[in-house]
Amino acid sequence: MDEKIPNSNVIETEIPLGTVHPAALEPYRLRLFVEDEIVREAEITIGVNHRGVERIMEGLPVEKANALTEKICGICSNSHIWNSCRTGELGLGIEVPERAQFIRVLMSELERLHSHFLYLAHGCEVLSHETFSMRVFYLRETVMELLSMVGGNRVQYGCSVLGGVRPRCDLDDNRIQRIIEGMDTIEAGLTDFVKRFTADNIIMSRITGIGVLPQKQALKLAVTGPSLRATGVPNDLRTRMSEYEPFDFNIITQPDGDVKSNLIVRALESFEAIKIVRQVIDQLPEGKVVNHDWEMVDTDITDSYIEVPRGTLYHSYAIENGKVRHCIIRTPSMANIGAMQYACIGDQVTDAQLAIVQCDPCFTCTDRAIEIIRR
Amino acid sequence: MGIKSFARKRAIHLMLVYTGGCNGCDIEIVNSVLSPRFDAEQYKVFLTWNPREADVLVVTGPVTALNKKPLEAIYEAIPDPKIVIAAGGCALMGGVYNNIHGDIPSEEIEGPVDKVIPVDAKVPGCAVRPQDVLSGLVSVLPKLLEQD
Chain A
1 MDEKIPNSNV IETEIPLGTV HPAALEPYRL RLFVEDEIVR EAEITIGVNH
51 RGVERIMEGL PVEKANALTE KICGICSNSH IWNSCRTGEL GLGIEVPERA
101 QFIRVLMSEL ERLHSHFLYL AHGCEVLSHE TFSMRVFYLR ETVMELLSMV
151 GGNRVQYGCS VLGGVRPRCD LDDNRIQRII EGMDTIEAGL TDFVKRFTAD
201 NIIMSRITGI GVLPQKQALK LAVTGPSLRA TGVPNDLRTR MSEYEPFDFN
251 IITQPDGDVK SNLIVRALES FEAIKIVRQV IDQLPEGKVV NHDWEMVDTD
301 ITDSYIEVPR GTLYHSYAIE NGKVRHCIIR TPSMANIGAM QYACIGDQVT
351 DAQLAIVQCD PCFTCTDRAI EIIRR
Chain B
376 MGIKSFARKR AIHLMLVYTG GCNGCDIEIV NSVLSPRFDA EQYKVFLTWN
426 PREADVLVVT GPVTALNKKP LEAIYEAIPD PKIVIAAGGC ALMGGVYNNI
476 HGDIPSEEIE GPVDKVIPVD AKVPGCAVRP QDVLSGLVSV LPKLLEQD
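Line order of the protein sequences matches chains A and B. Reminder that position 354 of the first sequence reads as 354 in our numbering, one-by-one numbering, no gaps. To get our numbering, take the position in the second sequence, counting from 1, and add 375.
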C-alpha cells in the first residue's frame, strides 16, 4: 500500500460524532462517511476549544506571557513554558546556566514519561482492556509524584523562567534520591507491562494492522513526533537540540504505522526517557539555576522549535517595551490531525476511535487560530 | 427511603463534561475516578459517559462559545435529582481566559459555569488535585441521597 486516497463520490452513510460524545473524551466534531461498515472518509472539525491564548498574550509582559503559555495544554504544560522562555532567551541573548538546562531536560523527560503513560493507558481503555489501563495509570502516579515534588504542582509546574528555572525546582540530595528510586520503580513496572502487553494474543490481534498510516502519506501530511517515528522515519528533533547534546539516547522507530507500532514506539521511548533522566542525575553540574544578568531590550520576531512528547512545538514572538508582540504558536497535534483523518480510512467503524487515539490527539493544544496558505 | 434512592446509594454515576479548559483538570478527574491510587469507586462512585445514566455532572473549563449549547443539552438530559460540581479555576471564575488585558471580557468565553447552569459544589485549584475532587464529591452525596 502506497497511499490511501479518500473517495468522496460514493459515500452512502454519514456517522456524526460530537461535539460532546461518549466515545471521545475531548470535545471535537468527527464525521465518518461509511460504506457498509468500512470508513471511506473522515473529517475532523476543531474550533470548539478555542480560547485565543495568543490574543491574550499580545501585550502582556514577557514573564506573564511565558506563564500563560502553560495554560495552553495540561498534558505538555512544561514544554510550552520551556519553549516560550527559550524564544525569549534566544531573542534577548540570555545565557542559561548549565544546571538549569539539565533541570529543564529532566522536567521535559518526566513529562514525556507521564504523557506516554497517559497515551498507553488511554489506548488500552479504548481497546476496552481496563486491566492494562489501570496498571499504567498506577505506574503513572509515580511520575506525577516526582513531577509534583520537583515542580510543586501535579499539572502546571511553572518550572522555567527567563534565564533559567525557578529556585524552587532546584534538586537537592533528597530529591535526587527520590528520583532515582522512582526511576527504578517505573522501569520495573514498565518492563513488566511491555512483556505482558506484547505477549497478549488478544491485544495483538486487536491492534495489528489497524489504523495504518502509510509512510509516504505521513511525510506528505508533515506528521511529527512518535506518530511519524511509528511509520519508520527516524526523525527526532532532540538529536539536533543543544540541550540534549550531553545525553546518549536512541531514536525509536517501528515499521508499520498501525496502532501496534504507535503503542510500542511510546513504550520504548519511555525507556529512553528513563535513560536520559538517569544521565541527568549522574552528570548534574553544580552552579546557580537562574541567570539574572540580562537586560530587557526590543527584539525582532524570534522563533524556537523543540521536541515535545507529541512532536515538534513552535513558538514565535517579538518583544517591544518588555511586552509580547506578534505571537504565533504551532502545536504538534495540529500537524497530526491529518494523520487522524487518514488513519481511520479503510477500517471498521468500531476501530475508527482507536485509529484516532493512536495519533495521540490533544484538542486543547490544537485549537489555535490558523491560516491555510495553498500553494 | 424510596427504592430509587436505595438503589442510587449503591451506585452513583458521575459524568464528566469538558468545556474547553486546558485538559489538566480533565485528566486529574478521570485519574481520580479511574486510577487505582485515588479510587473513587471505593465510595461506590462510577464513571459514565451517558447523561441519562448520570447523577452527578462534573464540569471543567471556562464554557467556550461553542460549548454552551452542548452543556445545556447535557444538563437537561440528566434525570432529577442531579448535582453539578464545577471543578478547577476556569469553571469557577473563567480562569486566565476570562479577560483579555485587565477587565475586557474575552468574546470566546461564555463565562464561568454558574452563568450557564446551576452549580451545587465548587472545587478550586489549577489544576484540581484528585483529593479535592474526591472531598467535593463526597460532600455533595448527602444532598443527592436525601432527596425523595
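If you're looking for bench data, these hints aren't it; they were derived computationally from the structure. Fair warning: there could be bad hints in the mix.
[What the hints assert, rightly or not] From the derived model, a few chain A residues whose C-beta atoms are all more than 12 Å from chain B:
(1) 37
(2) 202
(3) 278
(4) 296
[As the list claims (entries may be wrong)] Partner residues are not named here, just some residues of chain B that face chain A (Cβ under 7 Å, in silico):
(5) 398
(6) 410
(7) 412
(8) 424
(9) 425
(10) 445
(11) 483
(12) 486
Just so it is clear, CB atoms sit at the ideal spot from N, CA and C, and this is done for glycine as well.
To see whether the hints hold, each was checked on the structure:
no.	hint	result
1	37	holds, 22 Å
2	202	holds, 21 Å
3	278	holds, 24 Å
4	296	holds, 20 Å
5	398	holds, 4 Å
6	410	holds, 4 Å
7	412	holds, 5 Å
8	424	holds, 3 Å
9	425	holds, 6 Å
10	445	holds, 4 Å
11	483	holds, 5 Å
12	486	violated, 13 Å
Checked against the numbered hints given earlier, this structure breaks only hint 12.
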